[in-house]
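Chain order of the listed sequences is Z and W.
For the first sequence, my numbering gives the first residue as 2, with consecutive numbering after it.
For the second sequence, my numbering gives the first residue as 2, with consecutive numbering after it.
It should be emphasised that the hints constitute simulated quantities derived from the structure, not laboratory data.
Take the hints with a grain of salt, since some may be wrong.
Identical copies carry no separate label here, and so any pair may be met within one copy or between two of them.
To be verified - In silico DMTMM-like pairs for lysine to aspartate or glutamate, Cα to Cα no more than 25 Å straight-line:
1) Lys107 <-> Asp211
2) Lys195 <-> Asp56
3) Lys107 <-> Asp56
4) Lys107 <-> Glu221
5) Lys107 <-> Glu187
6) Lys16 <-> Glu109
7) Lys107 <-> Asp225
8) Lys107 <-> Asp215
9) Lys107 <-> Glu258
10) Lys16 <-> Asp128
11) Lys268 <-> Glu109
12) Lys16 <-> Glu187
13) Lys16 <-> Asp56
14) Lys26 <-> Glu187
15) Lys195 <-> Asp262
16) Lys107 <-> Glu49
17) Lys26 <-> Asp211
18) Lys268 <-> Glu49
19) Lys26 <-> Asp83
20) Lys26 <-> Glu49
Protein chains: 2
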Amino acid sequence: MENFDRLAIHTMTTKPWDLPTAVEKYSRAGVRGVGLWRQWLEGRSLTESCALLDDHGIKAVSLVRSGFFPGLTPEERQTALDDNRRALDEAAAVGAPQVVLVCGAKPELSLAENRCQITEGIAACIDHASSVGVKLSIEPLHPMYADCRSAVNTIGQCNDMIDQLGDAWVGIAADVYHIWWDPHLEQEIRRAGKRIIGFHVCDWLTPTQDFLNDRGLMGEGCIDIRGIRAMVEQAGFSSSIEVEIFSNRHWARDQDEFLSDIITAYKSQT
Amino acid sequence: MENFDRLAIHTMTTKPWDLPTAVEKYSRAGVRGVGLWRQWLEGRSLTESCALLDDHGIKAVSLVRSGFFPGLTPEERQTALDDNRRALDEAAAVGAPQVVLVCGAKPELSLAENRCQITEGIAACIDHASSVGVKLSIEPLHPMYADCRSAVNTIGQCNDMIDQLGDAWVGIAADVYHIWWDPHLEQEIRRAGKRIIGFHVCDWLTPTQDFLNDRGLMGEGCIDIRGIRAMVEQAGFSSSIEVEIFSNRHWARDQDEFLSDIITAYKSQT
């Protein structure tokens, strides 16, 4: 109970709900934070979305997501940069302090080339991040996504990148789903320290049926969520615990019951 | 062409073929090595299986597989040890110089506990390995298998374990499918050096449709197989290139055509 105020929920977690429904339901349940996916901003002005959050006492703790820096042509890479700068503007408009970066990968390019284009892409967005006052939050993705979603796959890699990029406007979003297996997790979280500006929770199911949309609610799977939370808090993290669950199974349920289960699991499992 | 004599094929790769069929087909195609899965030894004596290989001029380069050390009870762990010793005996009987270890994992146990039980399990088999003259070859598995197939997920972890276990009867089977994404791959392969006693090839498909049985033929996916082969050879590896492909798609094809494609891909892509 004592940390219930730190709970935030990603709009994607309750995918069947549009933004007006989600903020009303979250607010009524006492949830004060939202991980705002950009699709949920469509169909109204940013000012209207911002007012919708404010009216319900909900704070956007992150805007999700941009990134996808690698491209096969200079035009494709430029389009990605433009979109990342737009995401930073959107985050600023809705009061979100960070944009979560899913860094991207093209299977046609080598890993080294993908990683190089990612670092260059982030570097090219830092001035804009600074000018709008929003941080770029690198989310390392599970290695099973290294072919086409992100060639950044460990906290250690994020640390190496931030050593190059500088700490001022670049941080790390640590999602237990992507990092739980890592033999160097503890030491790299310690090394990251205050670079960790986002902490996402869900669980890993055995067996997992789908590469994308079969995540578990906290406690349904094998991830030591409390252990990893202790590591990031030991390193200095004290912000929101963001519940980010992609699950065909949970999306098919009554979302009010799912929300209630999320809150119970948040209290007992994180 | 020049390295065609280094090609070995896992019996699981041509799953529809039983052992007599596989060795006849491989032999006729000029393939001289086989990665022998233990299921293919069933139904005849080890002496008969060994004769079958000899008669076709085929050498077992590895016996696949044992491991699965973690258990929820002492009895379960003992059963695993017994099975691993039996695998070593089988390997000795068919002339295979190594047993490939899929180390195992129980989602009910912590990662640390799984890893501890694995190291203890391997340690408990070393005397038997020495007495029959067969090496234990640790195969790190992709992190997407860390919940229930193997809590050993990187070459770096294998190196740390072998630092503890000693080099004499323990080595590493490096399968490109499991390790290609690793940011520390090159340095850990260099560190492994002659510890690498197996090299397995296939490819990573985009998108991958199935967690287990949707591997690609070399060249169908995004793995830099030649780059990784160069790394292991630089480190001192000069033995067989083992083709290990689990693929519902390829298993559904005419296996003679698939074998011909394997040989073509081996020549042009590895």
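Hint numbers not upheld by this structure, sorted from lowest to highest: 2, 3, 6, 9, 10, 12, 14, 15, 16, 17, 18 and 19
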